[in-house]
Every structure is written in structure tokens, then in C-alpha cells.
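Colleague: These protein sequences, in sequence, are chains V and L.
Residues in the first sequence are numbered from 1 upward in steps of one, following my numbering.
Residues in the second sequence are numbered from 1 upward in steps of one, following my numbering.
Each hint should be verified, as a subset may be incorrect.
[What the hints assert, rightly or not] With the Cβ distance kept under 7 angstroms, some of the chain L side facing chain V (calculated, not the full set):
id, residue
1, F30
2, P33
3, G79
4, S129
5, M201
6, G215
Hints are computed from structural coordinates only; laboratory data are not their basis.
Ideal Cβ placement from N, Cα and C applies to all residues, glycine included.
2 protein chains.
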Amino acid sequence: MYLLEGPHLLEEAVFSANDMLSAIVIDEGFHMPRKWPTEDIEVYQVTHKIFTELSQTETPQGIIGICRMVRPSVSIGLGRYLLVDGVQDPGNMGTLIRTADAFGLDAVFLGKGCVDGYNSKTLRSGQGSHFHLPIVHRDLFSVAAEMKRLGVPLYGSSLQGGDMTKTDVTQPYFGLVVGNEGQGASPELLAEMDREVRIPMAGRAESLNVAVAAGILLYWLQSEGLALER
Amino acid sequence: MYLLEGPHLLEEAVFSANDMLSAIVIDEGFHMPRKWPTEDIEVYQVTHKIFTELSQTETPQGIIGICRMVRPSVSIGLGRYLLVDGVQDPGNMGTLIRTADAFGLDAVFLGKGCVDGYNSKTLRSGQGSHFHLPIVHRDLFSVAAEMKRLGVPLYGSSLQGGDMTKTDVTQPYFGLVVGNEGQGASPELLAEMDREVRIPMAGRAESLNVAVAAGILLYWLQSEGLALER
């Protein structure tokens, strides 16, 4: 089980993952929006003192959800996937999940050394995207092997890779690997990729933040995929 | 003055902004890399207890720089600029500065409601990019007016904007406005733009993290600019 805080996240959960919510706790004075389908969820109103005790944030927002942790199993197919290798910062992880959701990916796989996908900070920076696509902790080598067997092309983000704008994209589906904030993806995992790709940058910073890099790479893969359909 | 922590940031400062460093404090047992040009900088070695007191991080990394706050004035020309409106999270701000640096921008302007560009968390997520380009707190309306006078096209990131891939880019220089984490850029500032642009997204998340959005927009403006030169 885990806690979900604030009206924005709760709204996403109530509408997109109602059956995962086992209870809602509200602060005295907080009014639950009428349109929310909460008939089947137990709602507890508590005193402000108790509410502040329960909240894990500095500025509690009046509502907390108690959620069942669902660890989905995903059957990999001809789809679009993000593989996250050793990303430790919960804010980065949440932003990666939000970005994967924005580009309509089918799942996010979290490998060895990753922060928990349901960490409270990860949930906060995920902005509700956790309820839109499966977040799966799994060994990335087995995920990559399965994709390879199906013919899903594997791209690895790497500063040593080829310029992505000069990389041929021939399929609308893919697995994209991004890695640890300091070291990037592990060399062993990159060795399993069909291509290592690099974002061309005219400036001086050595590298981009992992979520920014993922955003640019997913945007690029989306545009190349759309171009294939034309 | 402000503190700069850890060998990575110090290395950037020592090589890129040596004259801004007024002193360096090192923990007992920390060895300063020999190749660093620190002849003109006072270096203090202190006990581990004092060092831990001074450090603002949970896991101190043995070296702290004391830097002079330089508030640069920038004369706006035919260049490439990021204008940041009301971004409050220091991590996001640092990532924006790092991203602007990666794409070779000429300056970052921070408007009303923005977190301090030299906040310790901003410096940390900026990864040394603070020493590569000017970070200027200034009224964004006057910045935009000056760009307009020079004929620098102004783009505003907005969920209500036109699809960026269908937007004509006719100049290699620009001012790009990104805004607050919740509300985006202010409507008054967006009204001053030549174009409001939106990143096309196939998925379900309503919006992207501000630094991810800036990364994709700057990547797009860089590619369009390169295409013009061909």
C-alpha cells in the first residue's frame, strides 16, 4: 500500500484507477468534489492535527488516498517502451514516467539500481501518469532479450552513440534505454542495443538531465514513427 | 556570495570562472586535484566537524567554494535566449539552465516569481552550466520588448499554442518563453509573443515537466535553425 497526496493526484486515481483506491482520508473542512465517483471507497474525515501527522508533505493539501500497490505484469509485444537503468533520483523517475505517458508509451520498465517507482516523491513528480501506464520493476536484460526476439528495435541513449538525426528509424515501435544520472546506462546493457544514439547539442554542457534527454529522444522517435505512417 | 559544493561544480568554477571564486574550503583528508589553477585562490583546510557544519548537503563531498555573486548585465542582440516565467522549483530551474547551456544559448532571463538562479539546489541541478552562460534576473516584458525591436522572433510554450512542427521558423535566433509548473507562462507575457507553440504528444499526460518541454522546444529550434543554414 502507499499514500497518494493532494487533489490533483487523487483526481487521476479516482477516475483512472478507482479499484486501486482502498480509502480516502480528508482534513476537516476539505470538501470532496461532488463529481468524483467515490461511492465504493471508504472516506474518513479526521482532525487537522491527525491529518498533518499523516501527511508526508510540508504543505498538506487536505486529501490523502490509501492505494493498493499493483505490481503489473506486462506481456511485451510490438509496442513502445521505456527502459530505465539505475535512475536514483525520485524526481527524475517521476518525470520520466510522466514523459513516457505524454508520448503514449505502452509501459515503463525499471531495472536494477532504480528508485522505487511508487516512492512518494516519484508519485508527486509523476503527476498522475502512474495511473495511465504500467510501471514494472524487472530485469532489463530479460526485457531486452524478449524485445529482440520479437524484432522490436532497441535504442540506447549514450554520449558515445551516433547522432540520432542520422539514425534510420524503420519501425514505429521501439525500446528506449536511458540510464543513471552520473554514469548513464550500464555498458553491458548498452551492448545489447541495436543502436546507441546521442542528441546533437551545440553548447557546452556535457550532458542533459536524464528526463530531458528521454523527452527529446521520445519526441524524435514519435516524429520518425509518424513519418513512417505517411 | 554563495557556496558551491562538490568536486564537479568546483572543477567547472575553477576552470570557467576562476575570478569569481574567492576561497575554497576543504575537509581534512581531501586532496585538491593538482591540475586545478588555484594559485590565486585562498584555500582553507578545516576539521571534518567544521566542514560538516558548513556543508548544506546531506552527504558532503569534501570541498566547498565561496563564490562572488555576479549579476551580469547582458546586452541583447541577434541571439538565442530562454525566458523563464515564474518557475518555482529549484531543481527545475537548474535543469533549465543546464539545458539552455547544452543547446548553446546566449543567456537565460529569470522573470517575476522565479526561484533564485543561485539557490544551492539550482546550482546543484545546473551541474556547472551557471559558469557557461549569463543567468539574469530581469523583467521579462522589457526583455521581450527589446527582442521585438531587434526583430528576434518570440515563441511562447503553451498548451493552447499551435503544433510546433507546423510552425514556420524563419530565423536562426529566438527568444523562447517557458512558464510556471502549474499555470504555465502568464497570459500577459504570452500576448507579447509572435507565436504560441505546443509540443505534439500522442499520450495521456496533460503536460510535460517544464524542463523537459524546454528541452524539446530548444532541440526543435536548433534543428530548424540548422536547416535554415543549409
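Colleague: Taking the hints in turn, state whether each one holds.
Modeller: Hints, one by one, checked against the model:
1. F30: violated, 19 angstroms
2. P33: violated, 17 angstroms
3. G79: Since the shortest Cβ distance to chain V is 13 angstroms, the answer is violated.
4. S129: holds, 5 angstroms
5. M201: Given a least distance of 5 angstroms, the restraint on L/M201 holds.
6. G215: Since chain V brings a Cβ to about 4 angstroms from L/G215, closer than 7 angstroms, the hint holds.
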